[in-house]
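S.K.: Residues per chain, in single letters:
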Amino acid sequence: NAGVMQNPRHLVRRRGQEARLRCSPMKGHSHVYWYRQLPEEGLKFMVYLQKENIIDESGMPKERFSAEFPKEGPSILRIQQVVRGDSAAYFCASSPPTDRGSGYTFGSGTRLTVV
Amino acid sequence: SQQGEEDPQALSIQEGENATMNCSYKTSINNLQWYRQNSGRGLVHLILIRSNEREKHSGRLRVTLDTSKKSSSLLITASRAADTASYFCASSEYGNKLVFGAGTILRVKS
Numbered sequence: 022n023a024g025v026m027q028n029p030r031h032l033v034r035r036r037g038q039e040a041r042l043r044c045s046p047m048k049g050h051s052h053v054y055w056y057r058q059l060p061e062e063g064l065k066f067m068v069y070l071q072k073e074n075i076i077d078e079s080g081m082p083k084e085r086f087s088a089e090f091p092k093e094g095p096s097i098l099r100i101q102q103v104v105r106g107d108s109a110a111y112f113c114a115s116s117p118p119t120d121r122g123s124g125y126t127f128g129s130g131t132r133l134t135v136v
Numbered sequence: 005s006q007q008g009e010e011d012p013q014a015l016s017i018q019e020g021e022n023a024t025m026n027c028s029y030k031t032s033i034n035n036l037q038w039y040r041q042n043s044g045r046g047l048v049h050l051i052l053i054r055s056n057e058r059e060k061h062s063g064r065l066r067v068t069l070d071t072s073k074k075s076s077s078l079l080i081t082a083s084r085a086a087d088t089a090s091y092f093c094a095s096s097e098y099g100n101k102l103v104f105g106a107g108t109i110l111r112v113k114s
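Protein chains in written order, with our numbering: chain C, 22 to 136; chain S, 5 to 114.
Chain C on its own, in the form it takes in the complex (with noise of 0.2 angstroms):
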C-alpha cells in the first residue's frame, strides 16, 4: 500500500502560469482534502471532495482556485494565474468511507514555489 501519492514534490511556476498539483489517496479511501500550509504555520484547510462531489470548499479561495476528484484518475488542485502569495506547501489527505478512529493519512505534499 504505497500510502497518499502526491506529486510533483517541488513546482516552480512564475506569476501568471497555472498550477496542478495531484493526489491519488491511499488504497480504499474516497475522501481527500487538500490543505495548504505557509512557512511556520499549521495547515489551512482548503476543500474537501469525494469521488466526483465537492463536499466542502469553504477554504478555498473564490478566484483561480479549483479542485476535482474525478471518477478515475487522481484528484487535482488547479491555481490559474498564481501570484508569489501562493508560494506554500500543499498537502493532500485521504480517509476512508468510514470513520475507523485512524484519522486522515497525508501525502508529503507540493512545494510551490512562485517566481
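Treat the hints as calculated values from the structure; they're not laboratory data.
A portion of the hints provided could be inaccurate.
Calculated cross-link-like contacts (lysine-lysine; reagent style DSS-like; alpha-carbon spacing at most 27 angstroms) [said to hold, decoys possible]: (1) C:K48 to S:K101; (2) S:K60 to S:K101; (3) S:K74 to S:K101; (4) C:K65 to S:K74; (5) S:K113 to S:K74; (6) S:K60 to S:K73; (7) C:K65 to S:K30; (8) S:K30 to S:K74; (9) C:K83 to S:K74; (10) C:K72 to S:K101; (11) C:K65 to C:K48; (12) C:K48 to C:K92; (13) S:K30 to S:K73; (14) C:K72 to C:K92; (15) C:K48 to C:K72; (16) S:K30 to S:K101; (17) S:K113 to S:K73; (18) S:K60 to S:K74; (19) C:K65 to S:K101; (20) C:K65 to C:K83; (21) S:K60 to C:K83; (22) C:K72 to C:K83; (23) S:K73 to C:K65; (24) C:K48 to C:K83; (25) C:K92 to S:K101.
Residues on chain C that point at chain S, a partial pick, calculated with CB under 8 angstroms [unchecked claim]: (26) D77; (27) F86; (28) G122; (29) S123; (30) Y125.
Owing to the predicted nature of the structure, the values given are computational and were not obtained by experimental measurement.
Built from N, CA and C at the ideal position, the CB exists for glycine as well.
Start from chain C and add chain S according to the hints.
M.R.: For chain S alone, kept in the frame of chain C given last:
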C-alpha cells in the same frame, strides 16, 4: 479564524524528560486528533480521542480531552531526540473536516 490555538509555540527539553503540549479549539467536536510533522514532510497521525473519551494512551503518548473547556493536552513521556518535530492538534467537527492548530515545535536535546 476557525483555527484553535496551541501552547507553547516552542518547547525545548532534554532527552528523557516529558513534554506536554496543550491545544484549545472553538466548536463542538466529534473527535480530536494529534499529528506530528518532521521538517519538510507530511503529517503523521499519532492518536485520536473521541468526544466521549477523557483520556487515551498509545505507547509513550497520553492524550486528555476536556470538552467543557474545549481543550486537549498531549504528553510525550521519556522523550527521545527522534521526537523532535512539530506537533499539531486537529479538531474534527461533524462532517469530516479537520481544523488544525498552529502547532508546537518540540526540540529534544540529546
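S.K.: All hints, please: hold or fail.
M.R.: Now for the hints, and whether the structure bears them out:
no. : hint            : in the structure
1   : C:K48 to S:K101 : holds (20 angstroms)
2   : S:K60 to S:K101 : holds (22 angstroms)
3   : S:K74 to S:K101 : holds (17 angstroms)
4   : C:K65 to S:K74  : holds (20 angstroms)
5   : S:K113 to S:K74 : violated (31 angstroms)
6   : S:K60 to S:K73  : holds (17 angstroms)
7   : C:K65 to S:K30  : holds (15 angstroms)
8   : S:K30 to S:K74  : holds (7 angstroms)
9   : C:K83 to S:K74  : violated (31 angstroms)
10  : C:K72 to S:K101 : holds (16 angstroms)
11  : C:K65 to C:K48  : holds (25 angstroms)
12  : C:K48 to C:K92  : holds (14 angstroms)
13  : S:K30 to S:K73  : holds (10 angstroms)
14  : C:K72 to C:K92  : holds (6 angstroms)
15  : C:K48 to C:K72  : holds (13 angstroms)
16  : S:K30 to S:K101 : holds (14 angstroms)
17  : S:K113 to S:K73 : violated (32 angstroms)
18  : S:K60 to S:K74  : holds (16 angstroms)
19  : C:K65 to S:K101 : holds (11 angstroms)
20  : C:K65 to C:K83  : holds (15 angstroms)
21  : S:K60 to C:K83  : violated (40 angstroms)
22  : C:K72 to C:K83  : holds (22 angstroms)
23  : S:K73 to C:K65  : holds (23 angstroms)
24  : C:K48 to C:K83  : violated (31 angstroms)
25  : C:K92 to S:K101 : holds (21 angstroms)
26  : D77             : holds (6 angstroms)
27  : F86             : violated (17 angstroms)
28  : G122            : holds (5 angstroms)
29  : S123            : holds (7 angstroms)
30  : Y125            : holds (6 angstroms)
Consistency note: the structure conflicts with the earlier hints numbered 5, 9, 17, 21, 24 and 27.
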